[in-house]
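Hints given; two lone chains; assemble the complex.
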Amino acid sequence: MADKLSWTDLRHALALRAGVSEKKVGAFLSAFQDQLIEVLKTDKQVKINGLGTFKVQAVAPRKSVNVNTGEEIIIEGYNKLVFAPEAGVKELVEKQPKEIDPLKKLGAQAEEIVDILGDLGQSPKEEVKEPEPEPVVIPEPVVIPEPVKEPEPEPIVIPEPVKEPEPEPVVIPEPVVMPEPVVEPEPKKKYHFVRDTLICVVILLMLLLAGYFFLRHRLGDILQNIMQPSDTEVVADTTTQAVVETEEAVEVTEPAPENMIPEGEISQEQILAEFLEASGELSPAENKYPDLITTEPMHEASRLAWMAKRFYGAKIYWPYLYDANRDVISNPHNIEVGTPIRVPKLTKLQLDTTNAETMATIESLREEALRSGE
Amino acid sequence: MVADKSGLSKKETEQLMTTMNAIIRESLMDGKSVQMQGLGALEIKERPARAIVHPRTGERNIVPSKNQLVFRPAGTIKDEFKKL
Numbered sequence: 001m002a003d004k005l006s007w008t009d010l011r012h013a014l015a016l017r018a019g020v021s022e023k024k025v026g027a028f029l030s031a032f033q034d035q036l037i038e039v040l041k042t043d044k045q046v047k048i049n050g051l052g053t054f055k056v057q058a059v060a061p062r063k064s065v066n067v068n069t070g071e072e073i074i075i076e077g078y079n080k081l082v083f084a085p086e087a088g089v090k091e092l093v094e095k096q097p098k099e100i101d102p103l104k105k106l107g108a109q110a111e112e113i114v115d116i117l118g119d120l121g122q123s124p125k126e127e128v129k130e131p132e133p134e135p136v137v138i139p140e141p142v143v144i145p146e147p148v149k150e151p152e153p154e155p156i157v158i159p160e161p162v163k164e165p166e167p168e169p170v171v172i173p174e175p176v177v178m179p180e181p182v183v184e185p186e187p188k189k190k191y192h193f194v195r196d197t198l199i200c201v202v203i204l205l206m207l208l209l210a211g212y213f214f215l216r217h218r219l220g221d222i223l224q225n226i227m228q229p230s231d232t233e234v235v236a237d238t239t240t241q242a243v244v245e246t247e248e249a250v251e252v253t254e255p256a257p258e259n260m261i262p263e264g265e266i267s268q269e270q271i272l273a274e275f276l277e278a279s280g281e282l283s284p285a286e287n288k289y290p291d292l293i294t295t296e297p298m299h300e301a302s303r304l305a306w307m308a309k310r311f312y313g314a315k316i317y318w319p320y321l322y323d324a325n326r327d328v329i330s331n332p333h334n335i336e337v338g339t340p341i342r343v344p345k346l347t348k349l350q351l352d353t354t355n356a357e358t359m360a361t362i363e364s365l366r367e368e369a370l371r372s373g374e
Numbered sequence: 001m002v003a004d005k006s007g008l009s010k011k012e013t014e015q016l017m018t019t020m021n022a023i024i025r026e027s028l029m030d031g032k033s034v035q036m037q038g039l040g041a042l043e044i045k046e047r048p049a050r051a052i053v054h055p056r057t058g059e060r061n062i063v064p065s066k067n068q069l070v071f072r073p074a075g076t077i078k079d080e081f082k083k084l
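Line order of the protein sequences matches chains A and B.
Each residue of the first sequence is one higher than the last, beginning at 1 in our numbering.
Each residue of the second sequence is one higher than the last, beginning at 1 in our numbering.
Isolated chain B (complex conformation) (with noise of 0.2 Å):
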C-alpha cells in the first residue's frame, strides 16, 4: 500500500521499511531520539529507581533504573485522533 503511494515497487519499498527500522533502532540505541514529521517523536527514557513495598510480606525492595522506549505524538496528530 505504501509502494502504491509513493509510486515504488514492493520490493524497494520493503527494503526502505527493513533500514528505516534498523536506522530507528541504531539511532535510539544511540540515545537519540527520532523525530518522525507529522507523527511525533521515539525517544528514550530513564525510569529512575524505586522503592517498592511488597503488599503481602512488608518486603522493601529497590526496583533498579531502566530505560523505556517511549513514544510521544506531535500535537497535530495528537488532536486529530483526538476527535476519533
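Only chain A is shown next, with the shape it has when bound in the complex (with noise of 0.2 Å):
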C-alpha cells in the first residue's frame, strides 16, 4: 500500500540521504530497534530526539464482570507500550490538513452513483426488476395484516408475469416484436397502482388512528362531565350537614370534602337546590357560578393562576377563582395549603377575552381580589 513507509522504504531512504550503504543502516537500524526495546525494559522510557518518547505504562488491575456468567473477575495489570509525540511533531500533525482524503472519497462515490445511474438508463430490465423487491418487503413490516392482504399478493402476481415478457423480446429474438415497447410501460404503471394503493391504505390507516385518539380525549371529556355531578354532591352533602351542624358552615366545608363519601340517593336537582339555598346566604358566589368543574384541594405551591391555567386555559381568568372562593379565601396571595377551591363552569361570554365586558368584569374582580390581599 501507498501510505505505509515500511521498513525497507525507511533503509532504502536513509542510505539515500545520509549517502551510507545499506549495510550499514540496516545494521543501525536493527542496532537501534534491539537497544530501544533493551532500554525500555529497564527504564521504560525511551527518548527520542526530533520524534517523541517511547513509554511502558502500567495498567493497574480492574474488576469486571464475565459477561455470560455475571461472575465478578479482575483482570489482571499488564503493561503496554505508548509513544508520546514530541511538542513541535504534534504541532505539525495536527495543522496538516487531511480532508483531502475525505473529498476525494466523495467524489468516487459520486462517480459510482453516476456510474450506476447511468447503467440503471442504459437497461429497462434492472429498472423494472428492482421494483420486484420493494412493494414485497416494504408492506409486509409497515401495514397491520387487514388491509395488507389485498396488496401484498399483488406485486407478487405482477412480477411474475412482467419477467417472462421481458427475456423472450429482448433476449431471444422471438418473431414477435410488438411486446417490447407494450409489456414494459404495463407493469411499471401496475407497479405504480400497488403503490398508489399502498399510500391509501397507510393514509386511511393513520386517519383510523388520529380518529380513535381523537374520540379517546372526547369521551375522556363526557365522562368528565358525566362525573360533575358527583363532585357537586360531594360538596353539596357537605354543605348541608354543615349548615345542620353548625351555623359557620363555610368553616366546615373546608375540611370536610376530603373525608366525606357521597351518601344517600337524593335526585341531582334536589341537592343542587338544597345545596344553592346552603351557601346563598352565605356567599352570592354559588348563585354567579351554578356548574362547578370540580373541587380541588390547595396544593403546596399552587396558585389560583396556575388552576385558571390548568382549567380555563389561561392565567388571567384567576380573578373568577377568587369569585367564586370568596368565601374560604381571605388573602389570594396566600391561601392555605388544603383550602378546597370550587372550580366553577365558566361560559363562553365569560371566557371571551375579546369581549370589552368581560375583560371589565375580570379587571375588577381582579382589583377587588388585590385589594382584599392587602
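Mixed in with the good hints there might be a few duds.
Straight line, CA to CA, 25 Å or less: simulated BS3-like cross-link-like pairs of lysine-lysine [claimed, not checked]:
| no. | chain 1 | residue 1 | chain 2 | residue 2 |
| --- | --- | --- | --- | --- |
| 1 | B | K10 | A | K41 |
| 2 | A | K41 | B | K82 |
| 3 | A | K44 | B | K66 |
| 4 | B | K83 | A | K44 |
| 5 | B | K10 | A | K315 |
| 6 | A | K90 | B | K45 |
| 7 | B | K5 | A | K24 |
| 8 | B | K82 | A | K55 |
| 9 | A | K47 | B | K11 |
| 10 | A | K41 | B | K83 |
| 11 | B | K5 | A | K23 |
| 12 | B | K45 | A | K63 |
| 13 | B | K10 | A | K63 |
| 14 | B | K5 | A | K44 |
Calculated Cβ distances over 12 Å to all of chain B for the following chain A residues [unchecked claim]:
| no. | residue |
| --- | --- |
| 15 | R17 |
| 16 | L81 |
| 17 | A110 |
| 18 | R195 |
| 19 | V202 |
| 20 | L207 |
| 21 | E296 |
| 22 | R310 |
| 23 | I335 |
| 24 | T347 |
| 25 | N355 |
| 26 | T361 |
| 27 | G373 |
These are calculated hints, taken from the structure and not from any lab test.
All C-beta atoms, glycine included, are put in the ideal place defined by N, C-alpha and C.
What follows is the structure, given as C-alpha cells:
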C-alpha cells in the first residue's frame, strides 16, 4: 500500500539521504531497534530527539464482570507501550490538513453513483426488476394485516408475468416485435397502482388512528362531564350537613370534602337546590357559578393563576376562582394549603377575552381580589 | 550504544538517527504510517469533531477535528512488555 512507509522503504531512504551503504543502515536500524527495546525494558522510557518518547505504562488491575455468567472477575494489570510525540511534531501533525482524503472518496463515490445511474438508465431490465423486491418487502412490516392482504399478493403476482415477457423480446429474438414497447410500460403502471393503493391504505390507517385518539380524548371529556354531578354532590352533602351541625358552614366545608363520601340517593336537582339554599346566604358566588367543574384542595405551591391556566387555559381568568371562593379565601396571595377551591364552569361569554364587558368584570374582580389581600 | 551494537562510528550513528527521524516525520506529514519492524507503527489518526457541554455554564461547544500521532505497538512487542 502506498500510504505506508515500511522498514525497507525507510532503509532505502536513509541510505540515499545519508549517503551510507544500505548494509550499514540495516545494521544501524536493527541495532537501534534492539537498543530501544532493551532500554525500554530497563528504564521504561526512551526519548528519541526529534520524534517523541516511548514509554512503558502500567495498567492497573481492575474489576470486571464475566458477560456470560455475571461473575466478578479481576483483569490483571499489565504494561503497555505508549508513544508521546514531541511537542513540535505533534503540532505539525495536528495542523496537517487531512480533509483531502474524504473529499477524494466523496468524488469517487459520486462517480460510482453516476455510473450506477447510467447503468440503470441504459438497461430497462434492471429498472423493472428493482421494484419487485420493494413492494414485497415494504408492506409486510409497515402495515397491519387487514388491508395489506389485498395488495400483498398483487406485487407478487405481477412481477411474474413481468419476468416472462422481458427475456422473450429482449434476449430471445422471437418473431413478435410488438411486446417490447407494450409490455414494459404495463408493469410499471401496475407497480404504480400497487404503490398508490399502499399509500392510500397507510393514509387511511393513520386517519383511523387519529380518529381513535380523538374519540378517546372526547370520551374523556364526556366522562368528566358525567362525573361532575358527583363532585357537586360531595360539596352539597357536606354543606347541607354543615348547615345542620353548625352555623359557620364555611369553615366546616374546608376539611370535610376530603373525608366525605357521597351518601344517599337524593336526586341531583334536589341536591343542587339544597346546595344553593345552603350556600346562598353565605356567599352569592354560588349563584353566579351554578356549575362546578370540580373542587380541588389547594396544593402546596399552587396558585389560583395556575389553576386557572389548567382549567380555563389562561392565567388571566384567576379572578373568577377568587370570586367563586371568596368565602374561603381571605388573601388570594396566601391561600392555606388544603383549602378546597371550587372551580366553577365558566360560560363562553365569561371566557371571551375579546369582549370588553367580560374583560372589565375580570379586571374589577382582580382589583377586588388584590385589595382584599392588602 | 547503538554505535557499539551496529559497529558503526558514533558520528555515523548520530547522522543516521537525525536523518531517520527526519524521514519518519516527513512520511508522517504525507499521511503515511511508518512501520517499524518488530516495534510497531506510527500513524496519524483523525479525531473527529465532537460536541462538548461546559459542565458549569452549560455552554455547548464544538471541538474541531484534529489529527493525532498514535503509536500502535506490534503484537509481539506488546506481549513482551505485558509481562514486565
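How the hints compare with the structure:
no. : hint            : in the structure
1   : B:K10 to A:K41  : 23 Å, holds
2   : A:K41 to B:K82  : 11 Å, holds
3   : A:K44 to B:K66  : 29 Å, violated
4   : B:K83 to A:K44  : 13 Å, holds
5   : B:K10 to A:K315 : 89 Å, violated
6   : A:K90 to B:K45  : 12 Å, holds
7   : B:K5 to A:K24   : 12 Å, holds
8   : B:K82 to A:K55  : 13 Å, holds
9   : A:K47 to B:K11  : 19 Å, holds
10  : A:K41 to B:K83  : 11 Å, holds
11  : B:K5 to A:K23   : 14 Å, holds
12  : B:K45 to A:K63  : 30 Å, violated
13  : B:K10 to A:K63  : 49 Å, violated
14  : B:K5 to A:K44   : 20 Å, holds
15  : R17             : 5 Å, violated
16  : L81             : 4 Å, violated
17  : A110            : 21 Å, holds
18  : R195            : 39 Å, holds
19  : V202            : 36 Å, holds
20  : L207            : 39 Å, holds
21  : E296            : 36 Å, holds
22  : R310            : 30 Å, holds
23  : I335            : 35 Å, holds
24  : T347            : 46 Å, holds
25  : N355            : 44 Å, holds
26  : T361            : 45 Å, holds
27  : G373            : 38 Å, holds
The structure fails to meet hints 3, 5, 12, 13, 15 and 16 from the earlier list, while all remaining hints are met.
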